[in-house]
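Using the sequences and the hints given, assemble the complete structure.
As they're listed, the protein sequences go chains A and B. So for the first sequence, UniProt numbering puts the first residue at 1; every next one is plus one. So for the second sequence, UniProt numbering puts the first residue at 1; every next one is plus one.
These aren't lab readings, by the way, just hints derived from the structure by calculation. Since this is a predicted model, take the numbers as computed values, not measurements. Watch out, some of these pointers could steer you wrong.
Selected chain B positions facing chain A (in silico; Cβ < 8 Å) [stated by the list, open to error]:
#, residue
1, P205
2, S207
3, Q208
4, E210
5, R213
6, M214
7, V215
8, A217
9, V226
10, P229
Computed list of lysine to aspartate or glutamate pairs in EDC-like fashion (alpha-carbon distance at most 20 Å, straight line) [to be verified]:
#, chain 1, residue 1, chain 2, residue 2
11, A, K209, A, E351
12, A, K102, B, E74
13, A, K104, A, E117
14, A, K108, A, E120
15, A, K178, A, E120
16, A, K104, B, E210
Have a look at the derived ranges for each label pair, beta carbon to beta carbon [said to hold, decoys possible]:
#, chain 1, residue 1, chain 2, residue 2, range
17, B, S199, A, G22, 50 to 58 Å
18, A, P89, B, D155, 22 to 30 Å
19, A, P89, B, R156, 53 to 61 Å
20, A, E183, B, P229, 29 to 37 Å
21, B, R124, A, L169, 18 to 26 Å
22, A, E244, B, R124, 42 to 50 Å
23, B, P206, A, H314, 42 to 50 Å
24, B, P206, A, D354, 53 to 61 Å
25, B, D155, A, R105, 35 to 43 Å
26, A, A268, B, A203, 53 to 61 Å
Yeah, the Cβ is synthetic: ideal placement off N, Cα and C, and Gly gets one too.
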Amino acid sequence: MAAITTTALVKEYPGGVRGVDGVDVTVADGEFFALLGPSGCGKTTLLRSIAGLESITEGTLQIGDRDVTHLEPGERGVAMVFQDYALFPHMDVADNIAYPLKIKRVGKGPRRTTATEVGEGLSLHGLMQRRPAQLSGGQQQRVALARAVATRPEVLLLDEPLSNLDARLRLEARTFLKELQRELGVTTVFVTHDQAEALALADRIAVMKAGRLQQVGTPREVFSRPVNTFVAGFIGSTPMNLVEAETADGGVRVAGAIAPLPVGAQGAVADGAPVVWGARPEYLRWSTEPVDGGIEAEVSVIENLGASVLVSAHSGEVRLQLVVAEDDEPSPGDRGWVVATPRRSLLFDSESTDLIG
Amino acid sequence: MSATGTAAGPGLRRQPGRRRRADDVAGLGRVRAGLFVAPALALIGLFLVFPAVWTIYLGMTDYRLTGLAAANPEFVGLDNFATALGDDEFWHSLWLTLIFVLVSGVIGQTLLGFSVAWALRRVRGWVKSVIETLVLAAWVVPASVASFLWLALLDRRTGTLNALLGTEGTAWLIEYPMVAIIVFNVWVGTAFSMLLFSSALAAVPPSQLESARMVGAGSWQQLRDVVLPNIRGHILTNTLLITLWTFNTFTPYLLTAGGPRDESAILAVYIYTTAIPGGQLGMGAAISLIMLLINLVIALGYLRVARAASGGRR
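See below:
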């Protein structure tokens, strides 16, 4: 078990494109750590640099107390599960799991024993003689995990671990993955573009954009205190409302109405400053009666989310989305008031897009 | 349990698919459909089936290029076959062909083609284009031109090779006729294996190679554990085609004419020298037929291996 530390890590491709552009991050020993971001943000490049599959252009990488910046992938004590699992189609499950041991010149007997042991730990008993093509997606994933952990690596890397599974299986696998990680206590870094996956699985999340870290924090921190509008818009299953606004009269002028000043921003901004006002749809309330600080709006679209609905309401040019419980569901064309709580809304600087409070 | 179900699935589903294929999908009806195919069938019949049948017939006559037997060939049954199979020259030629196919085709072209493809797999840009173009050029140049180039290269008095090596006066085509035609054939045919293996290598999933790298597998182990198993089918196809082509090639005649004496008379050349300069057309036809049968046996053998290999995979 070991921590991972990157210092000013840069991966530059021929032609000067920087996939990873000066990343400083420390993943604690035994932590379940997510690299999150849109495609092309450098999260996979960072993961592959840790794995040793990409050469590091500048900066250093430490695993435990070893500097592994220039070590071969096989010498880093790192195991990786690929997005497509990368099982060897011509080997059965047991041989696939035992492959790392074969390369390490472990004898056939002990190899079989370990494969069976690890396989059973991942409920693969009875499947050891199958070829990968004869397995379901979930089983294939467990074989890939078994192969990765068979050598007891210090660090486990997962590239989009859930994206090749269908939606229902994904939830199951998510729980399974978290249990496995807890059980093994192995430092784990995984890449995902799905913020829900990152929020659900990770102890801490690093949000990336254009090769740079935007924010590193616990799921709760990243969700409730995003450092800028990019993170705010990226995290959350329904995107945060981000509205151009202006501080005025001790509040925020949003679409003509004066919403209460977010708690964190009190005393941090003067009146008349241009800001971006942010509020998550889950934290907005719909009122059919006029409310002090409410934003009057007309409902345009209703989207059913099951136990709740996502309401899109327009106030002039400004569109606000809010989640309303199924019993209080308005109809398209209804007029009412969108009410924000000061404790659950945020202000961002309109120039730098950074969080004010 | 569920996996057993899916494994059995395709087999069960194939039945109705086969029935549908037998149906009249295009809605043409038998006669009209037949009319569409007729021109193609006529051409195949005229240029493939008829000559083949004619060869069988010729093989059973004493048909000669000149003389009495040219005007009135007589039916001699299986005499020609018996003569050929009892002839040392035939067995010598077959032996030479075997060496030629094994060394120049199976070993030379396949290994060299694979090595070039393997070496070029990470190379990009103009270096790759130049090398590929050179190798391909050897393949697309007409055989007559290629052999003329090699005659110039290997010539005893003014040959380029002798000038390069300082081995003036060495008559390569006379002193080492088999080596000469083997090297020549490797030079001509490597392009095909190279192309086939480049595309095969491109289809090997990079994540499998990287998985092997992650656990510390070196180049050789990656080749053995990931690349070769993944391209097994391509290796088989390549070997089959190369074997048949090399077995049937006549181009070496343009270099050595089978000589000196019959030291480089591989089977195709032996048939030619028997039938045309030797004048024994019936005999030539009989040996051609034997050659055709050997081809068939080779092809069937490969098919069996291929089927066993893909069967083992499922």
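Okay, which hints does this one fail, numbers in order? The structure breaks hints 12, 17, 18, 21, 24, 25; every other hint is satisfied.
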